[in-house]
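Below are the chains, spelled out letter by letter.
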Amino acid sequence: MIMNVLFFGITKDIVGSSEISFSNELKPTSVASLKKRLIESYPEFSKLNSLAVAVNSEYADDSVLLNGNEEIAIIPPVSGG
Amino acid sequence: MKKVIEIVDVIDTAKVYAELSDANSGGICVFVGAVREFTNNEEVVALEFETYEAMALKEMGKIADAALARWGLNKVVIRHAVGEKSVEEPVVIVGASSAHRDACFEACRFLIDTLKETVPIWKKEKFKNKTVWVSAHP
Chain A
1 MIMNVLFFGI TKDIVGSSEI SFSNELKPTS VASLKKRLIE SYPEFSKLNS LAVAVNSEYA
61 DDSVLLNGNE EIAIIPPVSG G
Chain B
1 MKKVIEIVDV IDTAKVYAEL SDANSGGICV FVGAVREFTN NEEVVALEFE TYEAMALKEM
61 GKIADAALAR WGLNKVVIRH AVGEKSVEEP VVIVGASSAH RDACFEACRF LIDTLKETVP
121 IWKKEKFKNK TVWVSAHP
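Chains as they are written, first to last, in the UniProt record's numbering: chain A, 1 to 81; chain B, 1 to 138.
Treat the hints with care, as some may be off.
[Stated by the list, open to error] Below are the PhoX-like pairs computed for lysine-lysine, each with C-alpha atoms no more than 25 Å apart in a straight line:
id	chain 1	residue 1	chain 2	residue 2
1	A	47	B	124
2	B	130	B	85
3	A	12	B	130
4	B	85	B	124
5	B	116	A	35
6	A	12	B	58
[Claimed, not checked] Sample of chain B residues with no beta-carbon within 10 Å of chain A, all distances over it, derived:
id	residue
7	40
8	66
9	85
10	102
11	108
12	117
13	126
[Unchecked claim] Short, incomplete list of chain B residues facing chain A, as computed with Cβ under 8 Å:
id	residue
14	35
15	38
16	41
17	116
18	119
19	121
20	133
21	136
22	138
Hints in this document: simulated from the structure, not taken from any laboratory.
Each residue gets a CB set at the ideal place from its N, CA and C atoms; glycine is no exception.
Produce the entire structure from the sequences given, and follow the hints as far as they go.
Structural data, given as structure tokens:
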């Protein structure tokens with residue numbers, strides 16, 4: 001099972017794509033490890049005001065575990081209105 | 001319908017009165033956010049909005065439910081636009097209707113303030129020579 005991660009706003013620009021995939025053996029197993037992995041791959045992520053993760057379209061804190069069947073999205077600082 | 005929650009391409013500000021009008025409401029309050037021409041003395045050519053729509057609709061629904069419960073409102077509207085918007089175009093409209101005016105005034109403030117904090121919508125400011133994702137960096 002491949003894990004897909006969606007990107008929006010400035011994180012989409014940093015990654016250069018609206019979606020990336022992790023293969024089975026490299027899948028992060030929690031929100032915390034996903035964030036750590038992304039910051040290692042894309043150091044510009046650490047310069048953002050905030051970096052949230054949504055799991056199945058709900059904000060998820062660092063302790064939430066991932067199995068790869070969820071819809072996962074990276075939420076940079078929001079700026080609606 | 002007690003609440004209207006939508007992401008749209010274009011906001012029609014004329015629709016909102018009919019959506020909020022209610023036999024039990026003596027007060028209707030509406031806030032419209034629009035594109036301003038200058039940010040920090042720099043001329044804005046346009047704003048570009050994008051969203052994670054499934055989540056944005058969920059978050060907007062939560063805000064509407066919280067306002068309905070907290071102020072005992074009769075109706076709530078939260079509608080945001082996406083895509084490119086030029087100066088003076090409306091980009092967001094929130095409204096509340098209630099028996100008396102205090103409740104709908106307070107609810108409107110809550111609706112727009114909370115939307116700006118939690119709803120996954122992103123705004124890029126387009127200036128003549130550069131573009132900037134708003135609030136992304138300190």
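Quiz item: Is the Cβ of residue 108/B more than 10 Å away from each Cβ in chain A?
Solution: 12 Å, holds
Quiz item: Are residue 47/A and residue 124/B close enough, with their CA atoms no more than 25 Å apart?
Solution: 17 Å, holds
Practice problem: Return the status of the interface hint for residue 35/B: holds when the least beta-carbon distance to chain A is below 8 Å, violated otherwise. | Solution: With a closest approach of 11 Å, the residue 35/B hint is violated.
Quiz prompt | Supplied contact hint for residue 136/B, tested at 8 Å Cβ to chain A | solution = 4 Å, holds
Quiz prompt | Per-residue hint verdict: residue 119/B, partner chain A, C-beta under 8 Å | solution = 5 Å, holds
Quiz item: Against chain A, does residue 102/B keep a CB gap of more than 10 Å to every residue?
Solution: The claim holds: residue 102/B sits with its nearest Cβ about 23 Å from chain A, beyond 10 Å.
Exercise. Mind verifying the non-interface call on residue 40/B? Its CB should be farther than 10 Å from each CB in chain A.
Key: Non-interface label on residue 40/B holds, nearest chain A Cβ at 15 Å vs cutoff 10 Å.
Practice problem: Measure nothing beyond the straight line between the CA atoms of residue 130/B and residue 85/B; if it is 25 Å or shorter, mark the hint as holding. | Solution: Since the Cα atoms of residue 130/B and residue 85/B sit roughly 16 Å apart, the hinted pair holds (cutoff 25 Å).
Practice problem: For the hint on residue 38/B, just tell me whether its beta-carbon gets within less than 8 Å of chain A. | Solution: 17 Å, violated
Quiz prompt | Status of the residue 116/B interface restraint (C-beta, 8 Å, chain A) | solution = 4 Å, holds
Quiz prompt | Interface hint for residue 133/B, Cβ within 8 Å of any Cβ on chain A | solution = Holds. Min distance 4 Å.
Quiz item: Close enough to count: is the Cβ of residue 138/B nearer than 8 Å to one in chain A?
Solution: Check passed: Cβ of residue 138/B comes within 6 Å of chain A, closer than 8 Å.
The structure fails hints 12, 14, 15 and 16 (numbered hints given earlier, in ascending order).
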